[in-house]
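A.B. asks: Protein chains in written order, with this note's numbering: chain R, 1 to 346; chain C, 347 to 692; chain F, 693 to 1038; chain H, 1039 to 1384.
No wet-lab data here; the hints were simulated from the structure. The structure displayed is predicted, hence computed values, not measured ones. What you were told as hints is all true, and nothing was included just to trick you.
Computed list of lysine to any residue pairs in SDA-like fashion (alpha-carbon distance at most 25 Å, straight line):
| hint | chain 1 | residue 1 | chain 2 | residue 2 |
| --- | --- | --- | --- | --- |
| 1 | C | 680 | R | 341 |
| 2 | H | 1119 | C | 537 |
| 3 | H | 1268 | H | 1157 |
| 4 | R | 230 | H | 1290 |
| 5 | H | 1061 | F | 743 |
| 6 | F | 715 | H | 1062 |
| 7 | H | 1144 | R | 303 |
| 8 | R | 270 | C | 400 |
| 9 | F | 695 | F | 833 |
| 10 | R | 23 | C | 682 |
| 11 | C | 605 | F | 806 |
| 12 | R | 259 | C | 398 |
| 13 | C | 616 | R | 44 |
| 14 | R | 116 | H | 1317 |
| 15 | F | 922 | C | 599 |
| 16 | C | 616 | R | 55 |
| 17 | F | 946 | C | 555 |
| 18 | H | 1061 | F | 970 |
| 19 | R | 222 | H | 1340 |
| 20 | R | 259 | H | 1246 |
| 21 | F | 951 | C | 556 |
| 22 | R | 116 | H | 1337 |
4 protein chains.
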Amino acid sequence: MIKAGIIGATGYAGEQLAWFLYKHPDVSVEFYASHNYAGMTYNEIYNNFNGYIEDVCVNMETAISKLSSINVLFTAMPHGKTFKIAEKALSLGVKVIDLGADFRLKSKDEYEEWYKVKHESVDLLASAVYGLTELNRESIKGCNLLANPGCYPTATILGLTPLVKNNLIQPSSIIVDAKSGVSGAGRSASIASLFTECNESIKAYAVASHRHTPEIEQELSKASIGNDIKICFTPHLVPMNRGILSTCYGSLTKAVTAKELIALYREFYKDDCFVKILDGLPETRWVRGSNLCHIGIKVDARTNRVIVISAIDNLIKGAAGQAVQNMNIMFGIKETTGLDIISMAP
Amino acid sequence: MIKAGIIGATGYAGEQLAWFLYKHPDVSVEFYASHNYAGMTYNEIYNNFNGYIEDVCVNMETAISKLSSINVLFTAMPHGKTFKIAEKALSLGVKVIDLGADFRLKSKDEYEEWYKVKHESVDLLASAVYGLTELNRESIKGCNLLANPGCYPTATILGLTPLVKNNLIQPSSIIVDAKSGVSGAGRSASIASLFTECNESIKAYAVASHRHTPEIEQELSKASIGNDIKICFTPHLVPMNRGILSTCYGSLTKAVTAKELIALYREFYKDDCFVKILDGLPETRWVRGSNLCHIGIKVDARTNRVIVISAIDNLIKGAAGQAVQNMNIMFGIKETTGLDIISMAP
Amino acid sequence: MIKAGIIGATGYAGEQLAWFLYKHPDVSVEFYASHNYAGMTYNEIYNNFNGYIEDVCVNMETAISKLSSINVLFTAMPHGKTFKIAEKALSLGVKVIDLGADFRLKSKDEYEEWYKVKHESVDLLASAVYGLTELNRESIKGCNLLANPGCYPTATILGLTPLVKNNLIQPSSIIVDAKSGVSGAGRSASIASLFTECNESIKAYAVASHRHTPEIEQELSKASIGNDIKICFTPHLVPMNRGILSTCYGSLTKAVTAKELIALYREFYKDDCFVKILDGLPETRWVRGSNLCHIGIKVDARTNRVIVISAIDNLIKGAAGQAVQNMNIMFGIKETTGLDIISMAP
Amino acid sequence: MIKAGIIGATGYAGEQLAWFLYKHPDVSVEFYASHNYAGMTYNEIYNNFNGYIEDVCVNMETAISKLSSINVLFTAMPHGKTFKIAEKALSLGVKVIDLGADFRLKSKDEYEEWYKVKHESVDLLASAVYGLTELNRESIKGCNLLANPGCYPTATILGLTPLVKNNLIQPSSIIVDAKSGVSGAGRSASIASLFTECNESIKAYAVASHRHTPEIEQELSKASIGNDIKICFTPHLVPMNRGILSTCYGSLTKAVTAKELIALYREFYKDDCFVKILDGLPETRWVRGSNLCHIGIKVDARTNRVIVISAIDNLIKGAAGQAVQNMNIMFGIKETTGLDIISMAP
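Take these sequences, add in the hints, and give me the full structure.
C.D. replies: Okay, here's the thing in structure tokens:
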């Protein structure tokens, strides 16, 4: 039995993680740590856990004191807050899976430029593994510090990597127009996230400045043969709880049909049971509540462009589900354990 | 392994049932029958089943031809359509679980008055068991024809039975103001159910005339000591996919506190793991996606009234989940098998 | 030209009021005062006013200093905050229309019991007029201090008064089950009002304890012939921006048909162009964005009950629209001036 | 007084048109014609018009018989249905404003290629004026047959024309990622438009094949200096009633800042009161219910791209509002008459 601890357990990603770990046959959660809700029972905060998770949330100090009793620590904190606790856990031999942003970028400078805070654990960057499971499975196996990808990057990188790897897309032509449900904004009291401010509206935000941009570029550049890829990335906020749809555009380097691309994608992801290449187009509702990524591909022959559209549940494949998927691999468990959930419709 | 067939498999209740049975460790589904989608694969209709249920839907004739190879038939059809197929299945020794309305009312006259069609299987009414699991567990065990309760009745009867059975509520005082998500209207093309017609609005409908009224009255009268209970029932349509909230009012027969009632309810449902009595008030989101019923109880001492509020997922505890719960009992399987799902939030 | 000031101009009720007054042919707004946004332009906060209201919001001190230059002050503040400013304005000969709760209840004791704060302007209570326009038009004409009704009371009192006045409903039998959109919770950062916490759910709240209860009782008792009416009142939160639906139940004192009641209501409201008695049932979408109240009436002969359902836009007839309607009367302007807006669908 | 008739009066665009014309000081509507609802009163279909528009809808035959008594005919029909009625009306000296697609494309071939029906009024194409008011005001003045633009084209062309006209954008680089509320799908019973199928989801549709593509290309090419512009266009369906957000991407032909572009846009639209150039980013909620177009502009210096985002209400500036705006010009009335509505928030 893997003993796990969660820090940041009462945010939406942390709560989704608690949901998965509670049912995971090989995991027991030793503590749920929360900055804002320490002292309350978990089910007081999330009533869906009435009769299930009724543990009292602990504070950071208690969490730290329990580090030596666990095998894996999940952290789901705002950026800049995970450095010290990750170091501490690793020094005690505890594997760390960070759902936050602090270990995703390999370049300290890039991190500091986009996140506007000093990176305090530069020494850990080299050994941190970027946990987009389908693309980095081998490195994940032996790693101790896993940087779990962001939600937009997960959908986008899964959508574009087969094209980039096969040199089918002009490196400078990539535009990503992404759409997210409101849970992506987290569970903190803010006027911008009120029902009345989000409902019946759509908007773009952080245009040409969103922090997931360098993360996508880093991984696509890694997949590319000799290109340093820069993308134009625009996230949008959609009035729904969950879901990300990433609509990715690029110019084709040679004539190819959608049918050929679909075959290529199916071959590329043939061993990845959480990625489904569709004949048609994805909709976020079909993956909501699951760890799946649905991908649809179209070619606009008139303009020589490919349009790849990928859909995930931002809290699952885009956060907690992928974290569990990575944990399974890190601990030598079957990758799908505890994750084999089909989306419920409607 | 229980062999099952589903008729009406592509409506929302049928689809939820397919969802549960696909994962049920003791069930294999032999056919998915659909009036409108015969010939299509299941996942073409519901893309969430891509990679999971990819069977071709069959028509009614094929379904009938396969009856002899199954142990249980689930029917999820409009009222008036299940008589013949149920008779046929029963005659072949197949147990029938009907998610429709045709066998819920014990009185043929009441059925014909409220549903405006002739009852064509009057002989079956005596042996049909009303499957509100928590209240009729013993009768369900041996039954061959199970009438699975309606969604509003499930929430309402679970909410009111402890009061009625303990003679704590004046029988003529009961008012039920219920609210449902739009999936309750089913998956048929109708202007009234369009996004644009339901979103950003709430309305009452079928005031003093909804067909679930006699079903609730029948079961509450059965629970009552010598009273023929009539209720005033008003359903409302709420802009959300899933969920029923039933707000039930009645005059108390004696002074009692909410705390005492909560204790009484907890005792009443102490062996029922799908019913949770809350200290506070239920919200449909905390039970959405689960087979749970959350119940909250308040006393309005100023007006000597009790207010009981119960929440369920209309497609699960109000339809497919309870059907599986009943199947488990009918086949001697542990009641919670395949149903132990916690609601996902948000 | 009537010179007006608004205190609490950046809450949702204040904003709706600004919307109406900006277009009102007989009003000029001299200042928009805001606790949280003083110093910002109005359209920075509400971008719909780009190119329209671009005034800088002032703070309370500035507002007070401008009192002597206006004819009417609108206050839209949390309860307990309006006493001093109202006194001050009245002392300067400025008429006051309070959209808050501080002058609605005639009884100081009742106010203090339900609102848990001391009433600091008891002397003003006698002269304050409760501004449910259709019922108090004559008293409104000459008044200086108008207590604009709450949203739930407006819908409920309009729905029940004809029955109460005609002694058609048993005074102790009244139950009000009301449903509101989320804008009723105001525009303040709270986790409970986040999109992700409200969407896809319905809940009751403040059961048997909501502060609008005594307000409804006061006005219904006034309408009644010799009865002190107590009601059982349950508000619910619905995932929509705007709208209140009030479903009111009561036992009939004599046999009467819905048709007769509809005729009675039409006669009762025959001079009130903002109240429409329907043949069918109301839906909040048909009144959203308008100052209308739609009322539908059904009789449940089986249980001898009447069900009256009324729908309003909580921010308009339930707040700012009615405030303007009252202002029009107080200043001798045609009652409908600036208010003749038809709801937009969908 | 302008006498108007509406054919297709009970679809969403027709209904929005009825809303505007009812209040328009210079217009009287002589008939509301409807294919599906002839014989019903208008307010039976749309209850928001109770007490306002209570006319009986007429059928097409009656509409035709009344053509000689009107000055302007509005048609809001599916494509391919307007040819004959437009010819008939024009032959009687009635001006025609078509909210449908039949006269938008100048090229018969392009029409037939994209719409898959034969164009039956080719002779009218030369004289039809494309009614994007801000860009074609002069031609609109004298025209008899006005082709009112589609919703996506309105938002997109307003967003891109200043760049194209000033040769600031590489003609082959344009990608338009647009998002629409569900009212864009019209008011017909279809499973895909059910609340339960649209809510809590986002999807792309008609990728690289949407019929608004050639319309956008035609107008941008016209604005361009010597370029035949082809765009890559992807529409998306968003769970909200109203609103279009068009996110437009292109490569800059020279180094320019967002600030400079904002200044250029403000100059370009300086006489157009319905177009507002923002300092920040648009959100559909701020224009919902109004005839406004809000435009925001960002430059992504890292990738040398401009991102222009425009927001409209699809039923107003994208349909009925612009039709009234065009009517005003065609009849020499002040352009804003009857259209000066501010969006209501929330």
